[in-house]
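In the order they appear, the protein sequences are chains E and P.
For the first sequence, this note's numbering gives the first residue as 1, with consecutive numbering after it.
For the second sequence, this note's numbering gives the first residue as 216, with consecutive numbering after it.
Since the hints were derived computationally from the structure, they do not count as laboratory data.
Predicted model only: the values in this text are computed from it and were never measured.
One or more hints might be untrue.
To be verified - Cross-link-like lysine to aspartate or glutamate pairs, in silico, EDC-like; alpha carbons within 20 Å at most:
(1) P:Lys-288 to E:Asp-143
(2) P:Lys-229 to E:Glu-41
(3) P:Lys-502 to E:Asp-47
(4) P:Lys-229 to P:Glu-277
Unchecked claim - Short, incomplete list of chain E residues facing chain P, as computed with Cβ under 8 Å:
(5) Ile-33
(6) Tyr-42
(7) Arg-60
(8) Asp-167
(9) Thr-169
A virtual CB, placed ideally from N, CA and C, is assigned to each residue, including glycine.
Here's the letter readout for the chains.
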Amino acid sequence: MNELELLNWARGPGLAYASIIMFFGISLRLLEILSLGRPAEYADTRDDGVKDGLIMIVKRSLPETRHWKYITASYIFHIGLFIIVFFFTPHTQFFRDIFGVFWSGWPNYLIDVVTVLSIASMLYMLIIRITDPTRRILSSTGDYLVWILTFLPLITGYLAFHRLMLDYTLMLALHILSVELLMIALPFSKLTHSFTFILSRWYTGSNFGRRGIKS
Amino acid sequence: MSTSFIQGVNVLKKLIDAPIASYFSSCTNCGICAQACIFYTETGDAKYTPIRRVEPMRRIWEQEFTLSGRVKKWLGLSRPVTAQDFHDTVELAFESCTTCGRCSMVCPAGNDIVYMIRKMREGLTNAGLAPPSLKAAAVRTLEKGSVMGFPMKTFEAQVKAAEKETGIKINIDQPDVDYLVLLSSAEVMQFNEIIAALAQIFDKAGVTWTFSSLAHEAGNPGMHMGASEVEAEMINRIVDAAESLNIKNVISPECGHAYMAIRWEGPNVIGRPYPFKVYHIIEVLDKLRQEGRLQTTGKESERLTFHDPCQAARRGGVNEPQRNLLNMVTDNFVEMSDNMACNWCCGGGGGMNTIEKAEPLMKKVFHRKKQQIDELNVTTVVTMCATCRNTLEEGIEDNNMDVEVLGLTEVLANHLLKENKND
């Protein structure tokens, strides 16, 4: 298999397998959570909690200022990743081909800046995780693994765009494969937080609301 | 209650519900919960990071309730939870946590961490690892009807003393009245001025009320321990008392955890709604204020602040009534730097104050409260929880601070308008 064949496999069957695994994985994880059920509430509640549940889903995205360095890095990385995935022109073309919906991408030089910032933030967060005793004691292999899985698409994408290190075709193939690896790992690792955060914030916020605690 | 490690594990498996599964799925080990916990901020010790307190439960969840965890277990990639892990968690779940729930206010994933710590305690208690002091408190409460273990006649004597002091008749077991009032042991034995204060306020407001000989204790060690049978038994006594006296409203006293147990957990622990409503005493007083039935005279001019008890304010949703009432009788009320739902814990609740070996740690973490009080330069701290009051008094004495601690009901009683305006 040469570079081009590898790229074609990654773009075709590879992507299909990864998408299927991710889709079923997410469904399974949601089922694993929801099937456990929520205990009945017999207390005379002050409110049904729906409003506070919904508020909590949004509000816990707001920064907690005591950790401003860590939080800033986390913001840059999460927002940066979102911008890169959805507003890098080749990615928008990819979404057009798959879903038939098109929106215009950002200029390449902007995406380049965002990518460098995101990579820097991720490195900073990794350093904190390793050097800060509180975070080091909390961290497991899984935490480092998802860091690597998230970092690979970023770095290979950056290298491919700038034609660095490896042949472009091979680097692009590796970039797509690394994304597929991330997709496959998503439902089975710490990356589940990318969709379960809605549930966890909902449960807490609505419980708070029932008791009259503002989210 | 029979206990064993296996039973503890099985109980935890039963307690893992959809919220908990979503919490563990959403935790990224970011460590932000650490900065919200006094035991972490005042010691700097990473082991006190709140989410670490439930690690055995997380592993049970992963290994039993997720496909990926089961595969990892099958491949021998994960370590099963052992009895030693449970032993090691006792310190973190019981001896260095007041279940104040401040961690649950900051988690970016929205995880209600203390909800999980409470379940972790239940697992440990079923494994026979509950702190002996809490077990003893539970036995006393079940046998004598009071957390401190005093008999009914002691309670009656305190009621008689208050009657004598106020000249107002105080009912025990009077049916068909507006309210059944519960007290915590600490209020009966240490802060008994509350009885006279209530008698005067209710008499003036035209409220009819009674104590019950079946259930006067509001405290519930079953809740701190995570012994649901004990918790349910104490709740059932209150339900029986209210039902037999045909009373539609029950008052939980100035005690945070009692409010949590009776107001919010009770119906869930016994598995059915109550045939009556439950209020914190401060909620009732605020209602009387709104109706114009609580009239006060004069104002405290001394600079004072309010300490919000975690289980009533942060976890129970009672935040405004105490402020409405304080503003009635004070000119110089200042808020602590963090207040209401984000107030720092006193360090003594959740059963901590009963655990002897936790005392040095309790004294150490009081530093945060000292700092909060010091920066306000106040002469008085008012609160609405007997445990907070106790902890504050001890902390203030240990640190040679010149600050007085008062219960809110008592402050109001001191300012009660003695004569009607028309008289």
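Hints, verified against the model:
Only pairs whose Cα atoms come within 20 Å are accepted, and Lys-288 (chain P) paired with Asp-143 (chain E) is accepted, the gap being roughly 18 Å. At most 20 Å may separate the alpha-carbon atoms for a hinted pair to count; Lys-229 (chain P) and Glu-41 (chain E) meet this at roughly 17 Å. With a C-alpha separation of about 19 Å, the suggested pairing of Lys-502 (chain P) with Asp-47 (chain E) holds against the 20 Å cut-off. Proximity of Lys-229 (chain P) to Glu-277 (chain P) is assessed by CA-CA distance (about 14 Å); at most 20 Å being required, the pair is judged to hold.
Nearest Cβ of chain P to the Cβ of Ile-33 (chain E): about 4 Å, under the 8 Å cut. The hint holds. Annotation: Tyr-42 (chain E) was flagged as interfacial toward chain P, and the flag holds, the nearest CB pair being 4 Å apart, inside 8 Å. Annotation: interface hint on Arg-60 (chain E) holds; nearest CB of chain P at approximately 5 Å, less than 8 Å. Violation of the interface hint for Asp-167 (chain E) is found here, the shortest Cβ-Cβ separation to chain P being roughly 35 Å, above the 8 Å cut-off.
For Thr-169 (chain E), the shortest C-beta to C-beta distance to chain P is roughly 34 Å, which exceeds 8 Å, and the interface hint is violated.
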